[in-house]
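Could you put together the complete structure from these sequences and hints?
Number of protein chains: 4
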Amino acid sequence: MAGNSFGKLFNLTTYGESHGPALGGVIDGCPPGIDLDVEAVQNELDRRRPGQSAIVTQRKEPDTVKFHSGIFEGKTTGTPIGFVIENTNQKSNDYSHIKDSYRPSHADYTYDQKYGLRDYRGGGRSSARETACRVVAGAIAKQVLKGIEIKAYVSSVGTMALDKPYTELDLTQIESNIVRCPDQGVAAQMESYIKEVRSKGDTVGGVVSCVIKNVPVGLGEPVFDKLHAELGKAMLSINAVKGFEYGSGFHGSTMYGSEHNDAFNTDGTTKTNYSGGIQGGISNGMDIYFSVAFKPVATLIQKYETIDKSGNRVEMQGKGRHDPCVVPRAVPIVEAMAALVLADFYLINKMY
Amino acid sequence: MAGNSFGKLFNLTTYGESHGPALGGVIDGCPPGIDLDVEAVQNELDRRRPGQSAIVTQRKEPDTVKFHSGIFEGKTTGTPIGFVIENTNQKSNDYSHIKDSYRPSHADYTYDQKYGLRDYRGGGRSSARETACRVVAGAIAKQVLKGIEIKAYVSSVGTMALDKPYTELDLTQIESNIVRCPDQGVAAQMESYIKEVRSKGDTVGGVVSCVIKNVPVGLGEPVFDKLHAELGKAMLSINAVKGFEYGSGFHGSTMYGSEHNDAFNTDGTTKTNYSGGIQGGISNGMDIYFSVAFKPVATLIQKYETIDKSGNRVEMQGKGRHDPCVVPRAVPIVEAMAALVLADFYLINKMY
Amino acid sequence: MAGNSFGKLFNLTTYGESHGPALGGVIDGCPPGIDLDVEAVQNELDRRRPGQSAIVTQRKEPDTVKFHSGIFEGKTTGTPIGFVIENTNQKSNDYSHIKDSYRPSHADYTYDQKYGLRDYRGGGRSSARETACRVVAGAIAKQVLKGIEIKAYVSSVGTMALDKPYTELDLTQIESNIVRCPDQGVAAQMESYIKEVRSKGDTVGGVVSCVIKNVPVGLGEPVFDKLHAELGKAMLSINAVKGFEYGSGFHGSTMYGSEHNDAFNTDGTTKTNYSGGIQGGISNGMDIYFSVAFKPVATLIQKYETIDKSGNRVEMQGKGRHDPCVVPRAVPIVEAMAALVLADFYLINKMY
Amino acid sequence: MAGNSFGKLFNLTTYGESHGPALGGVIDGCPPGIDLDVEAVQNELDRRRPGQSAIVTQRKEPDTVKFHSGIFEGKTTGTPIGFVIENTNQKSNDYSHIKDSYRPSHADYTYDQKYGLRDYRGGGRSSARETACRVVAGAIAKQVLKGIEIKAYVSSVGTMALDKPYTELDLTQIESNIVRCPDQGVAAQMESYIKEVRSKGDTVGGVVSCVIKNVPVGLGEPVFDKLHAELGKAMLSINAVKGFEYGSGFHGSTMYGSEHNDAFNTDGTTKTNYSGGIQGGISNGMDIYFSVAFKPVATLIQKYETIDKSGNRVEMQGKGRHDPCVVPRAVPIVEAMAALVLADFYLINKMY
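The listed protein sequences correspond, in order, to chains A, B, C and D. Position one of the first sequence corresponds to residue 7 (the numbering used here), numbered consecutively onward. Position one of the second sequence corresponds to residue 7 (the numbering used here), numbered consecutively onward. Position one of the third sequence corresponds to residue 7 (the numbering used here), numbered consecutively onward. Position one of the fourth sequence corresponds to residue 7 (the numbering used here), numbered consecutively onward.
Be careful, since some hints might not be right.
In this list, chains with the same sequence are indistinguishable; a pair is considered to hold if it fits within one copy or across any two.
Dumping the calculated PhoX-like pairs for lysine-lysine here, alpha-carbon to alpha-carbon at most 20 Å [stated by the list, open to error]:
hint : residue 1 : residue 2
1    : Lys356    : Lys152
2    : Lys219    : Lys152
3    : Lys14     : Lys356
4    : Lys277    : Lys315
5    : Lys81     : Lys105
6    : Lys170    : Lys219
7    : Lys277    : Lys309
8    : Lys315    : Lys81
No lab work stands behind these hints, which were simulated from the structure alone.
Quick look at the structure:
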């Protein structure tokens, strides 16, 4: 209930503050007998890792995952998989200046109001560092979902956007540049742009898009737990997300039914795919695709005025090692959350 | 698990097919001692009712709710509230033509594939008729949330959109026209447009926006169950929804941090509200606002080709009584789902 | 959370007070494609029905179940099954005398304290009438569990107890007498005894035992959701239950390990079955057997002193139509709850 | 769903095998602002620790708990509390002899059948070592439940039983002997008896009783989640438990209603307490008391015949360091599970 668990049958519970001794989690419901590729899990973590490139935060964290249970002789056993990621690079002194002040558009104020206190070091539980645990679990979920391909990529940075649908992009190129944009030309522009924004101590938002191929027909539950509703919740639960759309999305609201309906081929596939691979909340076997909007990071390397706990005006100076734009590092997080949703529905669907 | 329940502490479970004997539901977790205004519940149902105006489906259903439990001497008792809405106007013969065929962009195909069979009459469980139960529960949730004001309205129909933020609209005018758009001039244009679309046997999408005022600080849980994540799931679970954004939304992804950060006033309110009343997944006391994109209704009053169960091409003729545009009737549904989310978080927040 | 739902994948939510318009419930998660024998469901309800014999309450309630959804052309559809049982024989005037008083060992006091008010007519939600909905759902669960045989019977009334293990009883004789005790001689004695107790306006407790045969190996989850733990919860949730034991039970605590261990046969069955068909919380394919202790009904047809809401002493006179001993009517309720537990674990086990 | 979580609002998820690198867990929903006495948590663990006395297993495990999150400057923060207990004394070689064989009345066979494989070292996940995590969480739950006193004790070992109700015992004496029986004379006899049983390589069962004082009125939910039903489930989920009874228990089934009803005092307390502090599933403020039956430990230090995976007969020799009787070490586990149930209902009850 307190918000730190995700999924019903494939269930992840996470814990950890950005500057405590460790983050960790428990995956309950992972099917037994899977040959777990632990290196593949670490690789996904590395895609999310701070310090991985010139356009992300330069904080150094190795983010090494250690497994405590649920794996025996290389296979999952069906029992819960406990894991830990130690925090090795906490510099808690960095954060003493925010102990009594509320940074704008962070969770400082709301956490203090809700809980009556907060671990103020680096955002504590509200830090996006928490998403490392999601990536671990998502990497395992991917291994449950053999044959299903989940590919996310950066489709816009600020106003700089890919102008093509995913079907015209070469998704094998996503990891070939540090922006994780499959169009190399646009990626280069985005990279320059992010560097420019950072040089001003500013930040900028962006959009991550995701395509999921080879989803079997039948995943998703009717009414409240529609497949796209859970995907939407999953994405909106990622730090800094402001919007989610799938298939025709917001643009679909401007269309006529006569344009938007996806006519059937005789094999049950459809000629168009405005539905985004989901009809009535249930996968229809076509590609699932969606986009996720991220706001600009709230931490600026600038001076700004704000208030302290007592409501006094105070001047603060943003410092530390922050991302000028989160979307390159958000790509594996989006994939991880998509994998968690699908693994859960895959298991639930076995009951029918 | 099977998708027909919503909410943790304030929990709604619904049942019912569009052409079975009745729809109904159970609200478990409604606090005791609330003077329940049953007429106000029926009024909300009437806002969703078919046949209410010239621009919605002309099907006649009184949609009268009957309560079976949980209310005694005018007050809620804390025990589950069971309710039933009888289906009085089923014309099952209308639907025999779709028994063996799959209508494009409906759930016919996916339900058949998932369950191996389906109640083909009028969409069965996948019919938007199911949302009547949400409106009943939402109307009760509103009464739990004394002082909180939830107002939804139509902000676009097709490409015809309100060009003002909600703060410049007179939200008291929403119910003064049948489109439920607070700007009377735009509403009149939308009305004509919907009629024109219907006259062609076509349909069109639209957007419903929603503003929630007077939310106490502290609602929403960290990490996975962020307030906006649950709102997003709630909205995406409504039939025909393709997208959700809150606060600065997709537009926010094009902004700089220096523009987007909401500076504090000394009382903890903020000068701007790009955050949409939620920071770190927790309400901060500012207005919550969001938008929900609806695709065009899939049922057209036109001839079209599709396939039957055996994969043969068949020609069908759309008929019956359908909405040319769902957004006017979706307004109370959006409000209901918002109320369910808030009532749930309101109760959860009492544990702290 | 509020306690009116049971089961995870095969989920029942019930509502209804003993003297409101109706009881009802929703079964969510029933697999599709089951040829539902509605008459068999009604038969189970008839086994629980008031007025069925000379030793149970003489209240007349037909207890007819009506289904609202989830069944189409005789088959379950996989969508939620809504059902209603109308209360036809409420005599609310009967209960005005308890409006302001607390009957001893009833839930009057605790409900009033917890909720601040209560539907005082006939116990309201705390009435055992609620179990009718469990029997409906259990009867459907039994049809999901093809091949599994669940047989409950009365093993003691007061101090009058069967002195044989279930393996020496002829369980086909359970329904051959109104006590539902498989030993006809003992049953006759129990019947006389119950009549004698009733003639004094008194009541007496008893024990229901239950045997489940043909359970596949593997049902139940490790650690917290052990099969016997859920069975125990299920039984203890039935009105008037004070204890639960399975396999060797309380007697097992007096035994040595060298006596108690169940040695294996080469086919994985065991020579003895002190384990009661469950090892490590998971079914091992042997018979599951357990016993459930019921206290004597609290309503006596006698004068007694108690207190009113203000703490004043008042004299009351028990009246109405009550069971002198609940165990004969509890037999189908025990079976129903067992079926719900097994159906749930049967579906959960499909995820592996 | 997979059985490794307990509780709704105060929720514990555990992981860990007896011979993996570590056990651990996450407590989600612990209220913020509690001054956490970490030493008190360790003390509870020490009460459960192997090697603590002459009558328990002589395995040496320090069982030191380390906290990873959710505590800041000595207080709980409302965010999840992650913790780890390292396994320091695994001797995996000890267990190679059971790799391919099924020990009688253990979970070897059922785990293998359910999951298709198992971590065979020391019982893996089915080992009672898992209960260490419950004790950690229970010790924190106790600190949430200020003022509520939970005291468990050994009430029988084999056929050697305390012959007095708890009201005639001096519960302050429980920890004064290694059996944890509050009657010193009986305790001494039990101690000798356990030593005698051990000297034969045998084991014996026993009963743990528990008394909870100062419970506020109103805890527990109606119908399925009655307070005693959750207590029963909690206790039955502990390894080796075969039965649970509360209040008058099984004996209550032999009583008349005229004896069993608990007459009210004018302050709402009752003259007798056969109800065991719970009426209609809700605490009434009187003492809650219950008993839990434990079977004899299945591991004997004797030769025995069993089968291997292929169904061949094999001879085995029990060895290792095992408890001759689990009840002395089960006392803190029973208390921990009781605390978890109460903390959960305490938080749930805040919603009313």
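Right, here's what the structure says about each hint:
Taking identical chains as interchangeable, the C-alpha atoms of lysine 356 and lysine 152 lie at most 20 Å apart whether they share a chain (15 Å) or sit on different chains (18 Å). For the homomeric pair lysine 219 and lysine 152, the shortest alpha-carbon distance inside one copy (11 Å) is at most 20 Å, but the shortest distance between copies (37 Å) is not. Taking the shortest alpha-carbon separations for lysine 14 and lysine 356, both the intra-copy value of 13 Å and the inter-copy value of 14 Å come in at or below 20 Å. In the homo-oligomer, the alpha carbons of lysine 277 and lysine 315 lie at most 20 Å apart only across protomers (17 Å), although the nearest pairing inside one protomer, at 58 Å, exceeds that limit.
For a Cα distance limit of 20 Å, the shortest separation of lysine 81 from lysine 105 across copies, 16 Å, qualifies, whereas the shortest one inside one copy, 45 Å, does not. Taking identical chains as interchangeable, the C-alpha atoms of lysine 170 and lysine 219 lie at most 20 Å apart only when both belong to the same chain, with a minimum of 18 Å there against 39 Å between chains. With identical chains, the CA atoms of lysine 277 and lysine 309 are at most 20 Å apart between copies only, with a shortest distance of 17 Å across copies and 54 Å within one. For the homomeric pair lysine 315 and lysine 81, the shortest alpha-carbon distance between copies (19 Å) is at most 20 Å, but the shortest distance inside one copy (50 Å) is not.
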